[in-house]
Amino acid sequence: MGRLINRRPGRAGQVLLGALPFILLAAAYLMASDARLAVNPNDKLLPSVQSFVDAINRLAFQPDPRKGTYILWDDTLASLLRLGIGLSVATGFGLVAGVAIGLLPLARSAFAPVVAVLSMVPPLAILPILFIVFGLGEVAKVMLIVIGVTPFMVRDLSMSVATLPREQLVKAQTLGASTWQIVTRVVLPQTLPRLVSALRLSLGPAWLFLISSEAIAATEGLGYRIFLVRRYLAMDVILPYVAWITLLAFMIDWALRHLSDRAFDWQPGERGL
Amino acid sequence: MGRLINRRPGRAGQVLLGALPFILLAAAYLMASDARLAVNPNDKLLPSVQSFVDAINRLAFQPDPRKGTYILWDDTLASLLRLGIGLSVATGFGLVAGVAIGLLPLARSAFAPVVAVLSMVPPLAILPILFIVFGLGEVAKVMLIVIGVTPFMVRDLSMSVATLPREQLVKAQTLGASTWQIVTRVVLPQTLPRLVSALRLSLGPAWLFLISSEAIAATEGLGYRIFLVRRYLAMDVILPYVAWITLLAFMIDWALRHLSDRAFDWQPGERGL
Amino acid sequence: PGQPALAAKKESFRVAWSIYVGWMPWAYAAEKGIVDKWAKKYGIEIEVVQINDYIESINQYTAGAFDGCVMTNMDALSIPAGGGLDSTALILGDFSNGNDGLVVKGDLGIADLTGKNVNLVELSVSHYLLARALDSAGIAERDLTVVNTSDADMVAAFKTAEVEAVVTWNPLLSEIAAEPGAKVLYTSEDIPGEIIDMMVVNTETLADNPDFGKALVGAWYETMSIMMKDDAEGKAARSFMGEKSGTDLAGYDAQLATTKMFYEPAEAVDFAKSEKLAETMDVVRNFLFDHGILGEGAPSPDYVGMTFPGGGTLGDSGNTKLRFDVDYMGMAAAGAL
Amino acid sequence: MSLISVRNLSVRYGDFTVLERVNLEVAQQEFCSIVGASGCGKSTFLRLLLSEEQPSGGEIRIDGAPIAKEPQADRGVVFQRYSVFPHLSVIENVILPMELEASAFCGRFFGARRRRAKEEAAHLLERVGLSHVRDAYPKTLSGGMQQRLAIAQALIPKPKVLLLDEPFGALDPGTRQTMHEIILSLWEEEKMTIFMVTHDLKEGFKLGTRLLVFDKLRWDPQAPEAYGATITYDLPIDRRDVLPPELEAKAEALNKEPSRNEGPLNALP
Amino acid sequence: MSLISVRNLSVRYGDFTVLERVNLEVAQQEFCSIVGASGCGKSTFLRLLLSEEQPSGGEIRIDGAPIAKEPQADRGVVFQRYSVFPHLSVIENVILPMELEASAFCGRFFGARRRRAKEEAAHLLERVGLSHVRDAYPKTLSGGMQQRLAIAQALIPKPKVLLLDEPFGALDPGTRQTMHEIILSLWEEEKMTIFMVTHDLKEGFKLGTRLLVFDKLRWDPQAPEAYGATITYDLPIDRRDVLPPELEAKAEALNKEPSRNEGPLNALP
Ligand SMILES: Nc1ncnc2c1ncn2[C@@H]1O[C@H](COP(=O)(O)OP(=O)(O)OP(=O)(O)O)[C@@H](O)[C@H]1O
Ligand SMILES: Nc1ncnc2c1ncn2[C@@H]1O[C@H](COP(=O)(O)OP(=O)(O)OP(=O)(O)O)[C@@H](O)[C@H]1O
Ligand SMILES: [Mg+2]
Ligand SMILES: [Mg+2]
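Protein chains in written order, with the working numbering: chain S, 1 to 273; chain G, 1 to 273; chain Y, 1 to 337; chain A, 1 to 269; chain V, 1 to 269.
For reference, chain S alone in the conformation it holds in the complex (with noise of 0.2 Å):
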């Protein structure tokens, strides 16, 4: 076979390839902790597999003395929560506000321009009155996540709402449809893939801001966790939160891009990203 376009793994090279950075990014981090320790026996930073594997026996399978639950499990019930509604929330607000400013030129001209400027706060900048409006509470936390993806979903969501062919509007009209016929029929179920796809670049930023927020007002969470344990540079506990908040959001990110395949098995194209 020719051209490296048309050249394809089978389905063993496709794992393999797939695995092949994630061995090198292992190794090198080996290789770097190994290093640090022969210097410096009790070094923090970047400690051996052995911490990890203490560490995280520690806070997943032995109860806490203190209240007797399990700190990873509490805390990452309450993260997925926060971020579960603040998501829930943000997608719902994107869907609407993106298909309104997408669709109907009036809501662009009305919102299209206020949406370009507030998705350009930086939320965290305005935090104490972002805390005053909401409280300390959940409320705040959920609206964080909210605050921080919400521009993003809808400016995402209404700029793929204006690619739709215009024929597929006229089309719709001389079927008779009203405008909101066109919504629901014509133009929602078609954004339904994008809202994913948008969900999903939007599950990074989300899971920033959940942290940001866990370690500004919070008793329990991942985020907080790694907030409350930083100071004493515990990276045999930040690592293993670090990657367990990574695989929960792949997780997550890998059960949309399937749930998207398969729901939206009209759409041409190629799969698997």
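Everything labelled a hint here was simulated from the structure, so no lab data went into it. This structure is a prediction, so every number in the text was calculated from the model and none was measured. From the three backbone atoms N, C-alpha and C, an ideal C-beta is built for every residue, glycine too. Relax, there's no trap hidden among the hints.
Straight-line alpha carbon distances no greater than 25 Å define the calculated SDA-like cross-link-like pairs of lysine to any residue that follow:
{"id": "1", "chain 1": "V", "residue 1": "Lys202", "chain 2": "V", "residue 2": "Asp234"}
{"id": "2", "chain 1": "A", "residue 1": "Lys202", "chain 2": "V", "residue 2": "Ser142"}
{"id": "3", "chain 1": "A", "residue 1": "Lys69", "chain 2": "S", "residue 2": "Pro105"}
{"id": "4", "chain 1": "Y", "residue 1": "Lys32", "chain 2": "S", "residue 2": "Glu220"}
{"id": "5", "chain 1": "V", "residue 1": "Lys139", "chain 2": "A", "residue 2": "Thr17"}
Some chain Y residues well away from chain S (every beta-carbon gap over 12 Å; in silico):
{"id": "6", "residue": "Asn117"}
{"id": "7", "residue": "Glu189"}
{"id": "8", "residue": "Glu222"}
{"id": "9", "residue": "Thr258"}
{"id": "10", "residue": "Asp270"}
Mind docking chains G, Y, A and V with the ligands on chain S? Use the hints.
Same frame as chain S, but now just chains G, Y, A and V with the ligands:
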């Protein structure tokens, strides 16, 4: 005119509609600020317009008594430089990797998984490791932007490359194009508009990472100033800075949008988003 | 939340605390029901809220979301008092006695810092400590460069090659001091009693609701009496506090060793009544004024007025915003709560 | 009285004049076949009749009133490029117009009603030869199949005016025959007025009651964009299956008419 | 010896058999016209000849060797749907193949070379009647204009084998005439082997040296997807401009042959 989707405001209506949300936001701020100031004239959370004017005058038009320079412009210059370098690197890397992953099955097998995983790592949680690798100076700040923004770019661009109609690739091959030629003459030019969109969508996160990085270790920069004066809740400085950041980001966004509409006038579909 | 706490008779109150060795007793008092017990005794409710970001907790208090908040004497002057919120230092819990320090790499003296970078949280007590250290060596702050560095990243920052000197507090300080080649040059032990950790409450709220003050003070000193003991209960309390702050009993005890806790209310009252407090606050306000932290509207260090238990005052008495009060601690000392 | 009257219509894109001085009166239940050189503006004309675009000058009236400013269910369309909804299966594409009409809020049928609609639609699919792919998505259909689907879909709301842009170009003669019969029977039953762009003159003659030829009256070789096309022939064709001899001759002539664009037949590069 | 030989070719999508048992030998410079019912697999067959898809069974050989596994410059194509590059102007679309061939690294001409290429291309554009829109982007072209552009582009590399999928369907008779002449002159000059799918039998007869009819040999009304199409007629056509009487009759027959898909002509829903 019947349907909402066909109702377009006139030129004046457009400006008016677009300005309305801003006017409402400003009015809401003024009312809330007045209410608070009525209770405590020294309240710092929502300062009066006069305080803003004073603060802006002091920061932008009076030389700093200690350094003899103009604080706002120094900060702006420092931040824009970091942002520019960071975004350039991220964009360049995102383009290369995005096209490779979107177009070449081998690159996709090898890198799509690792990019998907890396994009989920919250960069702020592994700062200590970044410090060791990149130090605490300018490089680290630029790298934080790069690390924060690149995964999104790569994924967004690879997704968009993957949606290019297969017919075009086949057609190019029948015209004798090699993989390299397909990349440079068919894929890249058609990806550029999406690159600009991705860059625009990244602006918000990029500022966020810039501000975060300036909060870590810096002696100047917009984010530095915000975090510094947060120590005494000087919202009369923070809010103008946030507004200034927003304005800068919005102007960059605006320029990119117009650049894209002009440079890529082969694109069908609606403009102005 | 959302509205400034309007002074009036109230039933329920919110106070904020953040993680620091001298404030961990609040975690214990809240979780073990000590606060509730005392609140019930006075027929009120007190919610004790943990805020991880120290500055954010003070900001929220200043903005009116809380009736009380823990903070240092310096931050009490600069943020709430400077922000026009009349505040009362209700409890003087401890002062830093080695909990804050200046650490350098290699064999340097304070005078050798000239021309170098010093990483610290700008405008914080670390900055104040640096200023005091430089005073002691006779050099000025403009002779070196202060690099604002977030406290959370201080330990990692010290590990990078380009950082030569840092000023920070515990537990970061002990982590950094334990680094190979680190040398502690100057600590708060050299300026005892100048960095004070307090519970600050809204003066109006306190005036209208003395029960609120009584309940807080009562709960605090009951907790003190538990944790000062060396028996099982005391150890359990201290190890609770240690774990809550991310370390263990030994780590927490090590931090307590560099903290001068006022376990007995009488100690705190004596400290507050001493001349030294007003002198300290005079140094502090000059530092704040020099760095523009008292607000740009402040024409002189006298802008914000302070009152002291002995009847002494500092600054503009028409704009008294920070009051050191010993009435409630005095009641505790007298067993009158 | 005429159903549709077009007066002095013109369309310009920038300096580029596509149509100019188009005048036309069409009565109800006329079947206008439209022919003309590629790129002369036939699709553009249909877009105007559809209100998808606004003319640069002149006006269109339907039933005496100015044309609605937006597309309506009274004017159906089959676009030159396949224009079915990619996210709906074949049968869903066909029942969509029924759903839109009957259910203003949901725009969707459920349960028994949906089954009934599907049964109705199945008839039509049978006739256009798509029953065996009723549950397939458009991306798996061949070009001709998509075009047939688009026709079936456009027929469902029984529009007063039907605009067809080269609807049968991608069909084989047998299928085309079937489609002709479907269109004609519907045309008669529903008294539709039809505009059909075609490049097959025979088809135009066979189906139409009237033949409209679009061409440029004026032509400046230095500035090919200066003048637009208009209706240059407007022939009534009363009998449809067999052409009268004089029209046969006309058709031959049209067929042979050299294209404007034809250059010298020099060797290729 | 035959240039292309197809042996026992079959294509299945899941349970759906599109082609089966296709056998064919084609010599160099043959011009095969392909006809068949809509959706029977003609485009699929071309995709296989192009190596865009792999067959489910059987094989294709070119010059005795198995067909290359990927599309190559030796086999040009004009797709059924317009397939020009949207980001290149008309003239850029035409010079693209020259640039790709001559400049392996940049894939682009500059300065004088670019001017020369453009002049060369201008000739061809003149012939296909697109000179007046040479700098326009495809989105502003009519359907037929895009199709003509695609043809011009495919002709530039002078491929050994040319695959045309309904290339003239969207063209008016005059333009079509011109395009026929261009294709034929190139076919003779370059000794190309051409496969052309068309629905216009007359066109097929006129241009082709050979007519291939795709149809299903077996048909199960209960399972329309069970059997695939194959080549049911393979007629040599030696003289092109006038049809011999026996072929004329055949053509008539093919034209009339009822479509497989035709259902009972009951009233529409
Ligand atoms: N948006 C536009 N901007 C500029 N020119 C346009 C635009 N849309 C169409 N045109 C031009 O208008 C002319 C008429 O196009 P139209 O699609 O109506 O032709 P047509 O008669 O339908 O041709 P065909 O038979 O090939 O489909 C073309 O020359 C085209 O280039
Ligand atoms: N990816 C696919 N999955 C399933 N079925 C497919 C797929 N691609 C094509 N088909 C089916 O293959 C059959 C042949 O399609 P093809 O495009 O080859 O037809 P065609 O003969 O070119 O028709 P037309 O004359 O209408 O263009 C069709 O019935 C189509 O539904
Ligand atoms: Mg057309
Ligand atoms: Mg086909």
